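**Q** Listed below, chain by chain, are the residues.
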Amino acid sequence: MRIELVKRPQRSALFSVLSPFIAFALTIIAGAIMFALLGVNPLNAFEIYFVEPISQVWQLHELAIKAAPLILIAVGLSVCYRANIWNIGAEGQFIFGAIFGSIIPVLFPGFEGPLVLPLMLLFGMVGGALYASIPALLKTRFGTNEILTSLMLVYVAQLFLDWTVRGPWRDPQSHGFPQTIQFGDSAVLPELMPDAGRANWGFVFALVAAVLAWLMMGRMLKGFEVRVMGSSPRAGRFAGFGFNRMVFFAFLLSGALAGLAGISEVSGAIGQLQPVISPGYGFTAIIVAFLGRLNPLGIVAAGLVLALTYLGGEAVQSALGISDKVARVFQGMLLFFVLGCDTLIHYRIRLIGMALTKPNDAAKLEAAPKLEEAR
Amino acid sequence: MDITVNILLTIATAATPLLIAAIGELVVERSGVLNLGVEGMMIMGAVGGFGAGYLTGSPWIGLLAAVIVGALFSLLFAVMTLSLATNQVATGLSLTLLGLGLSGMMGTSFVGQPGERLPNLYIPVLTDIPVIGRLIFGQDPVFYISIALTAAVMWFLFKTRTGLTLRSIGDSHSSAHALGIKVIRYRYLSVIFGGACAGLAGGHLSLVYTPQWVENMSAGRGWIALALVVFASWRPWRVLAGAYIFGAVWIGQLHAQAFGIPVPSQFLSSLPYLATIVVLVLISRNKRLTMMNTPASLGQPFVPDR
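Line by line, the protein sequences are chains P and U. Just so we're aligned, residue 1 is where the first sequence starts under this note's numbering, counting upward by one. Just so we're aligned, residue 1 is where the second sequence starts under this note's numbering, counting upward by one.
Hints in this document: simulated from the structure, not taken from any laboratory. In this text, all values refer to a predicted model and were calculated from it rather than measured experimentally. We treat Cβ as the ideally placed atom computed from N, Cα and C, and that holds for glycine. Do not take every clue at face value.
Have a look at the derived ranges for each label pair, beta carbon to beta carbon [to be verified]:
(1) G112(U) <-> R198(P): 44 to 54 Å
(2) N6(U) <-> S232(P): 54 to 64 Å
(3) I349(P) <-> T210(U): 40 to 50 Å
(4) L38(P) <-> Q113(U): 15 to 25 Å
(5) I29(P) <-> G112(U): 31 to 41 Å
(6) A30(P) <-> P304(U): 44 to 54 Å
The following block holds chain P by itself, in its conformation from the complex (with noise of 0.2 Å):
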């Protein structure tokens, strides 16, 4: 049997809409049976893992918590993708916008009042920007592939992180534990409703991210200038765009967004530095980017599926003693099938079995003899 693609006249609205979905129930089938090898009742480990995180209002604040760092970074990495830069490293920028912003309520804890954490923010957002400007300058002065090189640093990041905590920045009361002091009051990222669950103000600013990012992309010439970067990079020169600005322009947005998603986790959800911090957002995020199309408000539905996910990791392995990193497993098929579904949108599908003549020539040899027939 094989496969063949038939290109469509034109891109199908229809399987725009309905890819991620068909890519879902796709993963739920694969999920079910890799349940099912596991020994486990897939029906009742799919109540366990999808509906149970999310029955309580408590839970929900838990998966907000989850889905804001993965819609902040994906939202920029939207960006990114959309001009075709690919910017893989997030999960550093996360870390040293987690670090930079760390630097008012490690180093200078006396320091408090309303202006703490507006700064704290800000420099969390530099941090990432400025992490993210290297890969960003290596490619325009040198044209380095970006790919590689904003991964490498991930591992640089996460290293840099241990010794931080380890070393200069650890809390001498803690009795050797690597981590640093626990942020003051108002080093604190405030939570929503205290009285319902503990989702904070990260939330809130992803959801403002995600608007503002589609308004840009939508409605604004910068938007236009990306897309038309992305699509066809000779048009946009023709056009007066920048090549190196877009570069920046990609790499320092999106930088900036995992460093804010990196000091709001830091200062909202665990309240201090540790030697990690993250269960792999960044990466995480570059599945909520694809499965939400690229587009902002389709990653604000794609983050709380993923952050689903992970709550779901979490559940099934309290409850039925499997690995949490089914979690990544179910991350990554989605992805996958994401992805093959994409296909779907620009191409028919054709499943051919092996005859020994192609279906075009079956129909043209069927067609001779009544042709000669009119005749």
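Since the structure of chain P is already known, use the hints to place chain U on it.
**A** Relative to chain P, chain U alone:
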């Protein structure tokens, strides 16, 4: 003298997985396909190899399993990018993410278990020759495979007709298709070869380098292998040189940590990654070299028209 020999031996052991994975990816990229899933295929090979070795008690079966697992996992990428014409960058990334997750899940029960190690070669008399004996006749079997593989790929790509065809596909898939060459079939085979190599490299990690299973034990080696291919400007012998330079950096920083050099260990650990960036910058500064050697249709999806 003995210390020097030992250091050279550890450098060879560190360089071997990089070399094998990079040689595989080189063939893939020469055919015009960019597979960013090397890290994922490598870690799947590592967990598959360890698992099979642990369950059967035979490291050789483990090594074979690593190759098969890597090849099968790359098939996933091949179907997506070649038959469904998906974006190669995104698909490769998802292969890596899926591989890291799947290997973590499959390996949960292997954590902390003692593994099987492939024995080093030992030929009486020859291996006992001072200094060069152990370097030439006393290394692990995968080392010899890696050298043979490099030579074979060099011969295949530049001395055979099929190799020439493969390179022509990488430079212009449309022209190759117009000449009646089965572009997709060549690319399928290349991707699977790359997957088998990445799997073998992973198997070396969990059956020779550190015979145990540790989550994420590939530690970015798959990505470094990808960088090596660029660094080598798609030439096999330069991949060999690059892999040994990186092996030396990797071992050098470990020794520096052991000697207690007054630099935080985290900075030393980040050296291989920083070295990768520096090397990439140095090589990409030479625009002519890169332009001349990059397969022209690298990373572009190809849908045959009729």
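**Q** If a hint holds in the structure, say so; if it does not, say that too.
**A** Consistency of the hints with the structure:
Between G112(U) and R198(P) the Cβ separation comes to about 34 Å, which falls outside the hinted range of 44 to 54 Å. Between N6(U) and S232(P) the CB atoms are about 56 Å apart, so this pair conforms to the stated range of 54 to 64 Å. For the pair I349(P) and T210(U), the beta carbons lie near 44 Å from each other, so the given range of 40 to 50 Å is met. A hinted range of 15 to 25 Å for the beta carbons of L38(P) and Q113(U) is consistent with their spacing of about 19 Å.
Checking the proposed 31 to 41 Å range against I29(P) and G112(U) shows it holds: the Cβ atoms sit about 34 Å from each other. Between A30(P) and P304(U), the C-beta spacing of about 29 Å breaks the proposed range 44 to 54 Å.
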